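Please put together the full structure from these sequences, using the hints given.
Residue numbers (my numbering), protein chains in the order written: chain U, 1 to 197; chain A, 1001 to 1331.
Certain hints may be false.
Stated by the list, open to error - Which residues of chain A face chain U? A partial, calculated answer using Cβ under 10 Å: (1) 1094; (2) 1096; (3) 1097; (4) 1100; (5) 1108; (6) 1112; (7) 1129; (8) 1130; (9) 1131; (10) 1133; (11) 1134; (12) 1135; (13) 1136; (14) 1137.
Claimed, not checked - Over 10 Å on every C-beta distance to chain A, these chain U residues come out as not near it, computed from the model: (15) 4; (16) 76; (17) 89.
To be verified - Partial selection, computed: residues in chain U whose CB lies under 8 Å from chain A: (18) 167; (19) 169; (20) 170; (21) 171; (22) 174; (23) 180.
Note that these hints are calculated values from the structure, not bench results. Keep in mind that this is a model prediction, so the values were computed, not measured. Think of the CB as a built atom: it goes at the ideal place given N, C-alpha and C, for glycine as much as any other residue.
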Amino acid sequence: MTLNQDFRKGFWRENAVFRLLLGLCPALAVTTSAENGLGMGLATTFVLVCSNIVVSSLRKVIPAKVRIPSFIVIIASFVTVVQLCMEAYVYDLYKALGIFIPLIVVNCLILGRAEAFASKNRLLPAVADGMGMGLGFTLALFVLGAVRELFGSGTLLGYAVFGSSYQPLLLMILPPGAFIAMGLLLAGMNLLDARQR
Amino acid sequence: MSQQLYLSSSPHIHSGETTAKVMRAVIYSLLPACGVAVYFFGPSALSVLLIATLGCLATEVVCQRLMGQPVTIADGSAAITGILLALNLPPSSPWWMTLFGAVVAIAIGKQVYGGLGSNPFNPALVARVVLLISFPVQMTTWSAPAPFGSGLDLVTTATPLGEWKNAVMLTGQMPAEMQGSMMNYFLGNMPGSIGEISALALLLGAAYLFYRRILTWHIPTAFIGTVILLSGLFWLINPEKYPNPVFHMVTGGLILGAFFMATDMVTTPVSTRGMLLFGVGCGLLTVLIRLFGGYPEGVSFAILLMNAATPLIDRYTRPKTFGTLQQEKVQ
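This is the structure:
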């Protein structure tokens, strides 16, 4: 695996949300708009890259028996940093994402990459993996948020897309809409994959 | 040697009943309710019925073509979904909402699960609830009936159940004038969704299905019986506030739901014990939602929730296999 491959696999082939089905809680809960999806994705990416760096650097120091608690402590530290920064600089987004920012700690994508990749690889591949996986996660959340916002409120990133006669499909910004949109997007990806093969 | 030897496993005698025949009988049984709806609501009801049915048929064709499956609209199941959906909508439904509901019913309620026989939820009810959540204004704009020859246009008003819920939320008391007009409710002369208004027409259709032995008594009896018992209990406790059981029976979608949607063969338990359990569950949920929930009507939510419980019910009510001993006795 080259660095390039480590970076690129997160976007499609091993996409966190649509292929590994990891981190579904934030992916379903906060994607009521494209902006929320983007914010959540970037926050997660930051935590993921930082935690991958630390876990990879300390991989020979951390005893195997206590590795999971150690990973959680490392991840929680960076989540605290993100949370305080968001509260200071992007307060509206901070309020929109609410409880799901501290919950990044238990995002199984981050712990999964620490366990499956960063703790077994050198620093540079771990960074590439964290960037790719995080940006792939961001992309997935953005697309999911965009689809739900488009049909659920008739806007995209806050700008009205359809005419004023459009009746917003409220279901799409409610929880069932998240599952339906997610399922349909997954089906679409599977269809594209099947076509290519 | 024109005859071939035909080998097959049992059963060898076929009753001649096919999916298409059953579905056709259900369509016939719904015709009285459709007729009453068109009488009371006029062309608007007719157009909702047509749009929903044609929409469902078209969606079924498109889905099955896309998935490369044989097109099975001739079996009538999509048409029934369309009719049931229309019967669950208010007569003033805009055309785009009805059409969207039809697409949701077939595409998301049925075909994504693999088509007829594989859907866990009643497709028409899935669509109704999707529409109710998505377009609350259009879905709760009810019209007073304006029978043929009365010269009235449709007038917007509240359903009896909605009126009761509003009054109870505001004053804690039942409006006084609601007790009188039970006969009108029974015949269908009340505001409501297209199909739920006339208990009489629905019962006629249900009687035909009983006669054809397509319906068994278990689910409707358990469902309606539970509603009568539970609502009767509340009525006895406080008749000032809670409406009597007859009111619960003839207003809202109880008859339509109990006879035509809680009895859908695909989404309900197979054993008799399971069916009774299913009916009781539907009844409990309906009364609880009607009396204490946020929505005035709970039949569709109750049936969908019990649909979700159906695999579990089936599992716990599996009949004992003939000739086997129970596990403890073997050991």
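Status of each hint after checking the structure:
Interface hint status for residue 1094(A): upheld, as the beta-carbon distance to the closest one in chain U is roughly 8 Å, under 10 Å. Annotation: interface hint on residue 1096(A) holds; nearest CB of chain U at approximately 8 Å, less than 10 Å. For residue 1097(A), the interface hint holds, the least distance from its beta-carbon to any beta-carbon of chain U being 8 Å, beneath 10 Å. Residue-level restraint check for residue 1100(A) holds (minimum Cβ-Cβ distance to chain U is 8 Å; threshold 10 Å).
With 10 Å as the threshold, the beta carbon of residue 1108(A) comes within range of chain U, its nearest partner Cβ sitting at about 7 Å, so the hint holds. Annotation: interface hint on residue 1112(A) holds; nearest CB of chain U at approximately 7 Å, less than 10 Å. Interface restraint check for residue 1129(A): the shortest CB-CB distance to chain U comes to about 9 Å, inside 10 Å, so the restraint holds. With a cut of 10 Å, the hint placing residue 1130(A) at the interface with chain U holds, because the nearest CB-to-CB distance is about 6 Å.
Proximity of residue 1131(A) to chain U holds as hinted, the smallest CB-CB distance being about 9 Å (cut-off 10 Å). Given hint, residue 1133(A) at the interface with chain U, holds; its Cβ is 5 Å from that chain's nearest Cβ, closer than 10 Å. Interface hint at residue 1134(A): satisfied, since its Cβ lies 4 Å from the closest Cβ of chain U, which is below the 10 Å cut-off. Hint on residue 1135(A) holds. Least Cβ distance to chain U is approximately 6 Å, under the 10 Å limit.
Because the smallest distance between the Cβ of residue 1136(A) and any Cβ of chain U comes to about 7 Å, under 10 Å, the interface hint for this residue holds. Restraint check, residue 1137(A) versus chain U: the minimum CB separation of about 9 Å is within 10 Å; hint holds. Distance check for residue 4(U) against chain A: the nearest CB is about 37 Å away, which clears 10 Å, and the non-interface claim stands. At roughly 37 Å, the least C-beta separation between residue 76(U) and chain A is larger than 10 Å, which holds for a residue marked as non-interface.
A cut-off of 10 Å between C-beta atoms confirms that residue 89(U) is not in contact with chain A; the least separation is 35 Å. The criterion of a C-beta within 8 Å of any C-beta in chain A is met by residue 167(U), whose closest approach is roughly 6 Å, and the hint holds. The beta carbon of residue 169(U) is positioned within 8 Å of a beta carbon in chain A (closest approach about 5 Å), and the interface hint is therefore held. Taking 8 Å as the C-beta contact cut-off toward chain A, the hint placing residue 170(U) at the interface holds, the least distance being around 5 Å.
Checking residue 171(U) against chain A by beta carbon gives a least distance of about 4 Å; that is within 8 Å, so the hint holds. At a threshold of 8 Å, the smallest CB-CB gap from residue 174(U) to chain A is about 6 Å, leaving the interface hint in force. Hint status for residue 180(U): holds, given a least beta-carbon distance of 7 Å to chain A, under 8 Å.
Of the numbered hints stated above, none is contradicted by the structure.
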